[in-house]
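Residue numbers (the numbering used here), protein chains in the order written: chain A, 1 to 160; chain B, 161 to 556.
Stretches of chain A that chain B covers, calculated by requiring three or more beta carbons in the stretch to come under 8 Å of a beta carbon on chain B:
1) 51-57
2) 107-116
Lysine-lysine pairs mimicking BS3-like chemistry, simulated, CA-CA at most 27 Å apart:
3) A:LYS8 with B:LYS391
4) A:LYS85 with B:LYS240
5) A:LYS101 with A:LYS89
6) A:LYS85 with B:LYS479
7) B:LYS391 with A:LYS15
8) A:LYS85 with B:LYS256
9) B:LYS453 with B:LYS370
10) B:LYS372 with A:LYS35
11) A:LYS15 with B:LYS370
12) B:LYS398 with B:LYS422
13) A:LYS85 with A:LYS146
14) B:LYS256 with A:LYS129
15) B:LYS284 with A:LYS129
16) B:LYS486 with B:LYS240
17) A:LYS129 with B:LYS477
18) B:LYS256 with A:LYS146
19) B:LYS398 with B:LYS226
20) A:LYS15 with B:LYS372
21) B:LYS483 with A:LYS85
22) B:LYS516 with B:LYS483
23) B:LYS479 with A:LYS129
24) A:LYS15 with B:LYS453
25) B:LYS479 with A:LYS101
26) B:LYS370 with A:LYS35
27) A:LYS154 with A:LYS143
Example chain B residues on the side facing chain A (calculated, C-beta under 10 Å, incomplete):
28) MET241
29) ILE251
30) LYS256
31) GLU333
32) GLU334
33) ALA352
34) HIS355
35) ASN383
36) VAL481
Everything labelled a hint here was simulated from the structure, so no lab data went into it.
Quick reminder that beta carbons are idealized off the backbone N, C-alpha and C, glycines included.
Given next are the chains, with one letter for each unit.
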Amino acid sequence: MFLIDYIKDVAGGVKSLLTGMRITGGYALRHHKEKLTQQYPDNRDTLVLPERFRGEVIMPHDENNEHACTGCTACELACPNGTIKIITKFDVDEATGKKKKAIDTFIYHLELCTMCNLCIEACPTNAIKMGQGFEHSVYDRSKLIKTLNEPGSKIREGVE
Amino acid sequence: MPGLPLPLGEGTRVRFMYHQVEIVKEPVQTEPNVFDDMVINVGPQHPATHGVLHLVITLNGETIKKVEPHLGYIHRSIEKMCESLSFRQFIYVTSKMDYLSSHINNHGCCLCVEQGLQIEVPQKAQVIRVLMDELTRIASHVLWWGAMAMDVGALTPFFLSFREREMINDIMEESCGTRLTMNYMVPGGVMADVHPNFVRRVNEFISHFKSKIDEYDELVTNNVIFQNRTKGVGVLSKEDAISFGVTGPSARGSGVSCDIRKLYPYEIYQQLNFEEVIETAGDSFARYVVRLKELRQSMHIIEQLINNIPEGDFQAKTKAVLKLPKGEFYSRVETARGEFGVYIVSEGGTTPYRIKFRSPGFSNLSVLDHIARGAKIGDLVAMMGTLDLVIPDIDR
Numbered sequence: 001m002f003l004i005d006y007i008k009d010v011a012g013g014v015k016s017l018l019t020g021m022r023i024t025g026g027y028a029l030r031h032h033k034e035k036l037t038q039q040y041p042d043n044r045d046t047l048v049l050p051e052r053f054r055g056e057v058i059m060p061h062d063e064n065n066e067h068a069c070t071g072c073t074a075c076e077l078a079c080p081n082g083t084i085k086i087i088t089k090f091d092v093d094e095a096t097g098k099k100k101k102a103i104d105t106f107i108y109h110l111e112l113c114t115m116c117n118l119c120i121e122a123c124p125t126n127a128i129k130m131g132q133g134f135e136h137s138v139y140d141r142s143k144l145i146k147t148l149n150e151p152g153s154k155i156r157e158g159v160e
Numbered sequence: 161m162p163g164l165p166l167p168l169g170e171g172t173r174v175r176f177m178y179h180q181v182e183i184v185k186e187p188v189q190t191e192p193n194v195f196d197d198m199v200i201n202v203g204p205q206h207p208a209t210h211g212v213l214h215l216v217i218t219l220n221g222e223t224i225k226k227v228e229p230h231l232g233y234i235h236r237s238i239e240k241m242c243e244s245l246s247f248r249q250f251i252y253v254t255s256k257m258d259y260l261s262s263h264i265n266n267h268g269c270c271l272c273v274e275q276g277l278q279i280e281v282p283q284k285a286q287v288i289r290v291l292m293d294e295l296t297r298i299a300s301h302v303l304w305w306g307a308m309a310m311d312v313g314a315l316t317p318f319f320l321s322f323r324e325r326e327m328i329n330d331i332m333e334e335s336c337g338t339r340l341t342m343n344y345m346v347p348g349g350v351m352a353d354v355h356p357n358f359v360r361r362v363n364e365f366i367s368h369f370k371s372k373i374d375e376y377d378e379l380v381t382n383n384v385i386f387q388n389r390t391k392g393v394g395v396l397s398k399e400d401a402i403s404f405g406v407t408g409p410s411a412r413g414s415g416v417s418c419d420i421r422k423l424y425p426y427e428i429y430q431q432l433n434f435e436e437v438i439e440t441a442g443d444s445f446a447r448y449v450v451r452l453k454e455l456r457q458s459m460h461i462i463e464q465l466i467n468n469i470p471e472g473d474f475q476a477k478t479k480a481v482l483k484l485p486k487g488e489f490y491s492r493v494e495t496a497r498g499e500f501g502v503y504i505v506s507e508g509g510t511t512p513y514r515i516k517f518r519s520p521g522f523s524n525l526s527v528l529d530h531i532a533r534g535a536k537i538g539d540l541v542a543m544m545g546t547l548d549l550v551i552p553d554i555d556r
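Let the sequences and hints guide you as you build the complete structure.
Written out as structure tokens, the structure is:
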């Protein structure tokens, strides 16, 4: 009886090994055409990222170089890391002579950002959104401190 | 309690209240015996520890006399950090703890804040949350399966597991925007509605995974080498599992019923049809089998929900600044590794006064010394692998 059990054990073991090898061998022979990996630097032109991909915070400007940021600092308060710093100024309306708050500089520290999306959620005017760029390697850390509003840009008409 | 002077012999079991059993072990030798013992360091940089876990192992020949985990290499003082963050902000930090079940960590924090604010989460948000939780659980277990097999010497499973995990990561990337540390759940619901492609892609994944999960059994579970390396290795009894506070699949392999989804159901788990997987052998192989069966249960849960996502809001209306009332709040969820608890003490302000996270990895690691004593050093990776340790979860 001992001998029979022993032989059964050996046969079962060999069978289990062959079953595993059949799967591995099957993949080696059958799946050579199906590529699961991406050839990243070469496919840069055709690379399509999902639209919600969180790469960096950007501020979209329209063709008149106008943005929708009112300088309310909601994003600055929502950020857990102190990534965003907004410097505001007062614009004087030429027609009425009233002072109006506007952004002077929208500073974005990319090196502190964890892409948590909380600033985008907090923004009441949808002035900022998550961009698709993800190649952020630079040689100097100071290059990661970005100014999001473009020079000479101003707030879009009608955005309060 | 090793500090207490108990007048008992070696290995005596003392029965305490709540049917917990305390193990009184043989006294730990602080000074190693220089003639017989060898002290080796596994880690902090070692391929088998999957992170910066540092184990100081005292060996007598090949037999393990003592395993001492040294922690602190990836300590980021997350609990202290949370004290200066608002109730919306602190949630994103928890995805950096157990990064393989980040959705479920965020879920636990959201539940705790919602409990304090008495927010009722819309039905649609609950369904999305559970779907994301279970997808995360599958991704975590699948990655564990590959890493576990690689620990004991099989390389192919690692590539197969990453093929499945990649599909889940793509689904997450489409709906949440990130692949690993999603900050998708917010107090009151989820950050955004699921992507239009979500239902189709999850269905594709389920049908793909159903055809491939049998391969997992053929390749690893039934393999004679794998079985011989894990069966009878690292046996953890039911009493020890309870007294060490082991939770999750590691404890369910020892016959402890500890699934939070069944015992303290949150969200819509009460209405769902699934089984709590329990094995009684308590060895590494039983813990392995529990996780593979949980994969099938998670798929079963997703199948019940994916085609029935209700219409409605994905987020309840909440105030811009959340202020929890004065008091203490606790909520728990079942992550892929065990029970994750969030304990918030609020003084009525916008930031928590104190936050404590009960992470499953810390308790699960504490049992490693107990099950490894007397075993051979070659078996240590099999024990560590089936405990499914994620080091940032242990250190926080």
